[in-house]
Amino acid sequence: MEWWRVGLALAIPWFAGALWVRVLWRDASPPGAWPLALGYGGLLGLLAATLLLRVQAALGLSLGWVGPTLVLALAGGWLAWRPTSLDFPILGQKGKAPLDRSLDSQAQETAPKTGAKWRQALFVLLLAWLGIRFLNLALEVWWRPLYPWDAWTTWAVRPRVWSELGQLLPFVDPQRWLSDATGSVYTIEAWTYPYTVPLLALWPTLAYGGGNETAANLPWLGCALGLGLGFYGQARLWGASALTALVFTWLLLSLPLLNTHVALAGYADLWLAAVFGLAAIAFFQWVRNGDRRQGLLAVLLALACPLVKLEGAVWLLLFIPAWLAARLGGWRLLALAVAVAALGLGWWWVGGVAFNLPGLGEWVLRPDLIQVPYLGRFNLGYRGGWDPVVKNFLVLANWHLLGYLALIAAGMAALTVIRGRAEPWLRAELTFVAASLAALFVLFFLTDAQRWAEQYTSINRVALDFVPAFLFWILTVFEQASRALDPARSGEPRDGEHPPV
Amino acid sequence: MAMTHTMGARIFRRRTKPFWLWLLAVLGGALLAVLALVLFYLLGGLAVVAPPVVLPGAKLQLVSGQGGQTPAGLEIHQVGPQGWAAARGTARMAPAALYRQFAWRIDGLQPGSEIRLVWATVADPRTSHERVLPPVGSDEGVLDLGTEPGWQGRIAGIGLAVRGPLSQSLVVQRLELRPVIPTVGALLREMVEDWTTFEDWSQRSINYHSGAPLSALFPPVVMVALWMGFGAALYALFDPPRRAPGALLPYAALFLLGWLALDARWQWDLGQRLPQTARDFAGKSAEDRRLAALDGEFYRFLREVRQRLPERPARLLIVSADPAGFWAGRARYHLLPHNGYAGFARLPTPDAARVGDYVLILSPLAEARYDPERRMLEEGDTRLPVEALHFADRGALFRIRGGT
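Just so you know, the protein sequences line up as chains V and G, in that order. Offset between the first sequence (1-based) and our numbering: plus 29. Offset between the second sequence (1-based) and our numbering: plus 241.
This is chain V alone, in the form it adopts within the complex (with noise of 0.2 angstroms):
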């Protein structure tokens, strides 16, 4: 009986996200709506019990699962027998964007139909393979006790103690609670780490009625199980045919270290790795054609991000050049690049800055050490050493090919933006990747973090948060080179055919 509670706790969150994102695009069934609603609505779903239970706690209560799951239930249920459609006044009339209204239908229109028999039969093959892996890594967290280091340490305790103790109890740094007299307050070393994949792990477990680790590792397949619908939707959104999207899907699905973080369930940055990796991709497309159900969709989930893990709120910032990228073309995006260089220059030229804000605590951004509250401390200075880059991206097997992939779909980025046909979407992507290279090669060459990726520690676990998004990027690239040279995919919408954001 406990399981068939976990299994309602799960799929009704789930289910109701998914409705209420299929409702965006309810005027129109373009291909790839539905894998997308599941896999966006379901992590939102998720990510609203966990937001509810908050509110439980707030407000007094008893932490539960009925109420949470009843108000959830409600909410998809009232949509799902609701008769007419919701307006989304931000959205535009009837919750859609005015600029792209003809999209969905050009899209159905002009999809590469996947008649041929043998693609479908790929087709077949190929998601019968996924579901052989999922199976496997199904199996393994259902039978293995909680394994890897971090969760039992770390992400684990919370939900445990919470579980046991039916309430959000605080924890604090050790020294708070070495002095603690009540005995009302736990602490773990990482106390600053955000609550919402604690409250992820905890959910079923309220379900189940009491601490189980089977049941707190659960959501971590539906985590994996979200990723791949929401970016098969995305691509189907894209335009890529059905085989094409499956087989991008079955590359990110197929890489040997994100299974391993379903397989081993309880660190966070498979979360992370999904909320960023769908947010960026919702992101792309809104800034392709403007869509501005992407936009919310993309809003929705980098909100999230920080909510996940705190290099969530760092990650956030990325977005930022890449909107300005898609933005601003020609010489105003040289001149703002010139204005940022000539600020960084001028920044470090005096040396840094340093200020407090009330509220948050000193900032220090100096050349040799940057101090953000909440993030951490980081001397910087250049620690150089590419061998660990080298080892994990292109000989050992965390990521199969992708490696040599992303090179090579770099290469031919790169030919488009020099031949000037770089369109905005593709220089928010480019800027997106870039940025993100800098933000990795700041934190594994410049920081005490090099340690990390020289005992192989973080490397790939920091890297994971930006695979789906990179091979996202990586699918765009390669649609673009193919319709470039295939007359018949011509009648598809042509970049320059989307309207600008």
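Any given hint could be a false lead.
Unchecked claim - In silico DMTMM-like pairs for lysine to aspartate or glutamate, Cα to Cα no more than 20 angstroms straight-line:
{"no.": "1", "chain 1": "G", "residue 1": "300", "chain 2": "G", "residue 2": "435"}
{"no.": "2", "chain 1": "V", "residue 1": "420", "chain 2": "G", "residue 2": "620"}
{"no.": "3", "chain 1": "V", "residue 1": "420", "chain 2": "G", "residue 2": "435"}
Said to hold, decoys possible - Coverage of chain V stretches by chain G, computed from C-beta distances (three or more under 8 angstroms per stretch; other residues unrestricted):
{"no.": "4", "region": "32-38"}
{"no.": "5", "region": "168-174"}
Derived by calculation from the structure, the hints in this document are not laboratory data. For glycine and all other residues, C-beta sits at the position ideal for the given N, C-alpha and C.
Starting from the known structure of chain V, arrange chain G on it as the hints suggest.
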């Protein structure tokens, strides 16, 4: 009818020709990839990929006998109770077929001293193999282990055993495993081994997946990348690229074939891991699964500890030699929801510990001791009045009482 047949045949030929060319490129690419790597190693590339495994004295651990580290190396003064002194170090999973030469340098050896090389393989780490080393005095000794029957697979660790008594101290300066350029046959066997090595789940799995031993000469990802590169070049030679629909398809298919090869290997790996997981945990209750986990015996001890703790969550101070280590962390996790903190490498001072708190000491903790007469835990200047609740090999549980 004949005309239709001829046209059909032409179309078939047109369609099948690129496929056969593609297949030829696939096979040729594979052959060239293997050839390129074998030639690379035969022509001197081995020194780049497989440098000597050097174990300086500072990296050796004395496991029997008395001695310590000196600037010159590991000094051994005296043998252990069994009449032997022994020191060991890690061999970084060096492939035995490649690292066939063992070199050592020891100062202070007397004529007639018996010294043995001891090693264990990754496949059977519990069995130690031995080989008496020839006498060389203070000079460097070198021994070829190519014909040694136990020198096989991957070497997990090597060490030295010295028979006593010692008339003077020995200083082990360094041990070294040197690669020897192998034959083509040995290289090919190495390649097969790199591709078929099974890697089980470990605590490092969450951080990286090597796919082959870290020192592999033929890492599958590099091999497949070379295969794809050579295959694409061959196909471009056979059928020069032109701007036409589907021109990218053969290259995409080639790339996806390579990806599939790696993914099939990963699935094989996962398929090997799953039965082990099933054997250990399937069909068991949560409690039994914990007992079957890698720290099952430790969990059994913690279960006894839990029985001495109150029903309501208690404040628990966990003291261990390695507060950030595995056992301290597992103790804290297994005893949840008791309110534990594992950050103590020494006994907590009286201002950190309060009456009614519980103290769990994990063995071995060299300095702390319990005085049963005074009912005190002592370590240096720190004294805690306690009530002893449980003693076991793994550790002991106390409750802090009032008074002194």
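If you draw a straight line from the CA of residue 420/V to the CA of residue 620/G, is it 20 angstroms or shorter?
At roughly 46 angstroms apart (the allowed maximum being 20 angstroms), residue 620/G and residue 420/V break the hint.
Take a quick look at whether residue 300/G and residue 435/G sit within 20 angstroms of each other, Cα to Cα.
Given pair residue 300/G, residue 435/G is violated - Cα atoms ~27 angstroms apart, limit 20 angstroms.
At least three residues with a C-beta closer than 8 angstroms to a C-beta of chain G: is that true for the region 32-38 of chain V?
Our answer is that it is violated, as 0 residues pass the Cβ test (under 8 angstroms) against chain G, missing three.
Quick check: do three or more residues in the region 168-174 of chain V have a beta carbon closer than 8 angstroms to a beta carbon of chain G?
holds (count 5)
Holds or violated: residue 420/V to residue 435/G, with C-alpha atoms at most 20 angstroms apart:
With Cα atoms ~16 angstroms apart, residue 420/V and residue 435/G stay inside 20 angstroms; holds.
Taken one by one, the earlier hints fail for this structure at numbers 1, 2, 4, listed in ascending order.
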